[in-house]
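Going down the list, the protein sequences come from chains Z and F. Residue numbers for the first sequence follow numbering that gives the first Met the number 0, beginning at 0 and rising by one. Residue numbers for the second sequence follow numbering that gives the first Met the number 0, beginning at 0 and rising by one.
Hints are computed from structural coordinates only; laboratory data are not their basis. None of the values given here were measured: they were computed from a predicted structure. Do not rely on the hints blindly, as some may be mistaken.
When chains are identical, the list treats them as one kind, so a pair holds in a single copy or across two.
Subject to a maximum C-alpha distance of 20 Å in a straight line, what follows is the list of computed EDC-like cross-link-like pairs (lysine to aspartate or glutamate) [unchecked claim]:
| # | residue 1 | residue 2 |
| --- | --- | --- |
| 1 | 297 | 95 |
| 2 | 340 | 298 |
| 3 | 327 | 191 |
| 4 | 13 | 254 |
| 5 | 297 | 210 |
| 6 | 297 | 213 |
| 7 | 1 | 335 |
| 8 | 340 | 304 |
| 9 | 297 | 105 |
| 10 | 10 | 290 |
| 11 | 297 | 47 |
| 12 | 13 | 304 |
| 13 | 222 | 40 |
| 14 | 124 | 176 |
| 15 | 13 | 301 |
| 16 | 35 | 331 |
| 17 | 327 | 213 |
| 18 | 124 | 180 |
| 19 | 35 | 169 |
| 20 | 1 | 304 |
Okay, here's what each chain looks like letter by letter:
Number of protein chains: 2
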Amino acid sequence: MKNDRILRALKREKTDTTPIWLMRQAGRSLPRYREKRADREMLAILRDPPAAAEITALPLEYFPVDAAVLYNDLVTPFFGAGINVRMEVGIGPVVDNPIEAPADIDRLTPFDPNLTLAWSMEQIKLLVQRIDVPVLGFIGAPFTLCSYLIRGSRTRHQEEIKRFIWQHPEAWHRLAEFWVEHLAAFGIAQFEAGAGAVQVFDSWAGSLGLEDYERYVLPHNEKLIRTMQDAGVPVINFYTGNPALLPLVSAAGGDCISVDWRLPIDAAWDLVGERAIQGNLDPTVLLAGRDVTLAKAKDILDRVEGRPGHIFNLGHGLLPGTDHNVIKALVDFVHEYEAEKAGA
Amino acid sequence: MKNDRILRALKREKTDTTPIWLMRQAGRSLPRYREKRADREMLAILRDPPAAAEITALPLEYFPVDAAVLYNDLVTPFFGAGINVRMEVGIGPVVDNPIEAPADIDRLTPFDPNLTLAWSMEQIKLLVQRIDVPVLGFIGAPFTLCSYLIRGSRTRHQEEIKRFIWQHPEAWHRLAEFWVEHLAAFGIAQFEAGAGAVQVFDSWAGSLGLEDYERYVLPHNEKLIRTMQDAGVPVINFYTGNPALLPLVSAAGGDCISVDWRLPIDAAWDLVGERAIQGNLDPTVLLAGRDVTLAKAKDILDRVEGRPGHIFNLGHGLLPGTDHNVIKALVDFVHEYEAEKAGA
C-alpha cells in the first residue's frame, strides 16, 4: 500500500495532506458504475468478489480518494443468520421472514462470517493486491441493522424498531447481543482479510433521545467496538442526526467518530475529545455545484486548522444525481488546500 | 371559552393542571375522521368552513384536549400567491408551477389573506362560537413552506431548497421576505378571527447546520414572529430535528418553543430560557401502546415538576395507525398526574 494517510489520521499522526474519502463513493455518481453492474442485482454482485472489487475500486479511476470503501450492504449479515433479504426499488432491503415477536429471535442461526460471508473477505483480498489505498470494511450497528429486520423493512421514523425495543426490552437486548457477537466477528474477519479499518454504521440512531440511546444502544455499540479494537481493528464510529447524542456516541468508543453537518466540526471535535474525527460536509452541498462545495469545504478545513486526526468526508452518503466532476473538484481541493494556504 | 389553560400556560401563568394538545390530533387516528371527510379532497374541505370546522372539533368528542388546532395545511397560502397546489398520495403537496430560478419569484402575486384565504378565518369564526377550548391557528415558516415550492414538492433531504439557497442567496432572501410579509398577515388574520394563538411550523429546519440556520432562517423567522407578536398574537415556535439549533431557534422568538424528543425536556428548557415550552414526546411512543406511552409521559412530567409554562404535546405530528384509545389514556394521564402525585 502506497497511501496510508487514512490509517495515520486514525492514529492522529501528522499526514502530508488531509485525507479524504466519501461515503457511497462507489455508486450511481460514477458514469461507469451502471456498466460495471450490467443490470445485475446488487446482492448477486456482492457474491461475485471480482465483480464487486471492480466497483469498490472504480472511484479511484475518477478521483484520488485516500481509501476504497467495500461495495457491500449493511444487511448482508442477515444471510449468515439464515434470513433471506431482497432489494426492492424505492424501499430498500426487505426481509422475507421478519422478526415480529420475541420468540422470532430464536430463529436466528449462529454463523461464522468467514464461512457464510466468505465472499466479502475474498473481495477484500482481491482489492488489497490491486489498489494503493486502504480498503475500508464496514458493519451496521445493532439498532440500525435491526431497523431492517423487525417487521421486514425500515420505516421512515424507525417506528417498528422503537416499538419492539420499548415493548420488549429484554428481547431487544438478547437480539442486540446476538448481533454484537456476529458483527464483531465479521468486522474482525474483514480486518484479517486486509481491511485497514472498519466503519460501524449506526445511521438511524439519531432518531433516538438521550435516555433511549444510553439504555438500548450505547452498551451494545461499546461492546461491539471494544471487541474489534481488542483484536487490533481501527474502528470508525458513524452516526447522523442528533448532535446532542455526540458525547454518548463518543462514549461508545472508536478510534474516530464520524459526525454530520448539524454541528460545526470544531464544536463537534470538542465533544469527541481525544480521538480522530471524520465527516461534517452535508451531501446536499455537492448538488449545489463546485463553487458552493468548495466554499463549504474551505470552512471545514479552516475550522480544523490542520489538526492531526481529521479525515474529510460527508456527514452521510453521496446523494443520487451528484456530479462526479464536483466530487473530483472537492477531492483535489481538500488535498491541495493546506499547501496552498501555506504558500499564500 | 371555558378552558383557557393553554393561553395561561403561554403566559407562564399557573394552571389547575398541565394543558395538552397533540399535533395532527384531527386526523386519521379518529375513526369518524373518514366519515366526516366522506372521501372528499382535503383541499376542497378546507374551502368549506363548516366541514373543516367539524374535523377541527372532532378530537374533542374523543378526548378532552385543551385546544383545537385548525384543520388546514401549511401550503394553503400558495393559493393566495397564485400558485396551484395538489395533494398527491405518497408524496404530499405538489405545486403546478414551481420556483426553479430566481426570476420565478416575480410570478408570486401579493395577496390579502383576509380576501383570498377567507375560508380559514371563516372556519375559526365558526369554531369559536361552538367549542370551549382555544382554537390554534398555524402557518409555515419560510424555509419549510418553500421546501414545497422550489422544484414543486418536498424532497427527502430538503436538497432542492438547500441548493436554491446556496446557489441564489439574494433571491432566497427576497423569496423569504415575500413570505414573511404574507404569512405574518395570515397569522394576524387568524388571530383577529378568534384564534387564541398561532403556531409557526419550521418542520424541516432541523436539516440545517448552525451557520445556515443563522444566516438564512433566523432573521426571517425572527421578523415573522415579532410582527405577529407586535399585533398581540401569542406565538408558538415549532421545529424538530437538531437540538444544537435550539439556542438559535429560541433567539428567533415566540412565547413558547416547541421541541422534539432528541433532548430531555428539562435540558431543552434550560436552553429555551424564560419562555413557555411545548412538545417532547416522540410520536412513535404511542404506537408502542398505553403502558409505554404513560411511562414516557411520566418521565416528562417528572422532569418538568409542575413548572408553569409547560404545554404537553408530541415532538412532531401523530403517526398514522395511532390508536385513539392510547391518545385518550395519555390525555387523561397528563391531566390527572399532578393531582395524583400530590395525593400520593
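Hints, verified against the model:
no. : hint      : result
1   : 297 / 95  : neither (46 Å within a copy, 38 Å between copies)
2   : 340 / 298 : within (13 Å within a copy, 52 Å between copies)
3   : 327 / 191 : neither (31 Å within a copy, 55 Å between copies)
4   : 13 / 254  : within (15 Å within a copy, 50 Å between copies)
5   : 297 / 210 : between (36 Å within a copy, 14 Å between copies)
6   : 297 / 213 : between (35 Å within a copy, 19 Å between copies)
7   : 1 / 335   : within (19 Å within a copy, 68 Å between copies)
8   : 340 / 304 : within (10 Å within a copy, 54 Å between copies)
9   : 297 / 105 : neither (51 Å within a copy, 34 Å between copies)
10  : 10 / 290  : neither (32 Å within a copy, 47 Å between copies)
11  : 297 / 47  : neither (40 Å within a copy, 53 Å between copies)
12  : 13 / 304  : within (12 Å within a copy, 51 Å between copies)
13  : 222 / 40  : neither (34 Å within a copy, 52 Å between copies)
14  : 124 / 176 : neither (29 Å within a copy, 58 Å between copies)
15  : 13 / 301  : within (17 Å within a copy, 49 Å between copies)
16  : 35 / 331  : neither (25 Å within a copy, 60 Å between copies)
17  : 327 / 213 : neither (39 Å within a copy, 30 Å between copies)
18  : 124 / 180 : neither (23 Å within a copy, 62 Å between copies)
19  : 35 / 169  : neither (45 Å within a copy, 42 Å between copies)
20  : 1 / 304   : neither (25 Å within a copy, 61 Å between copies)
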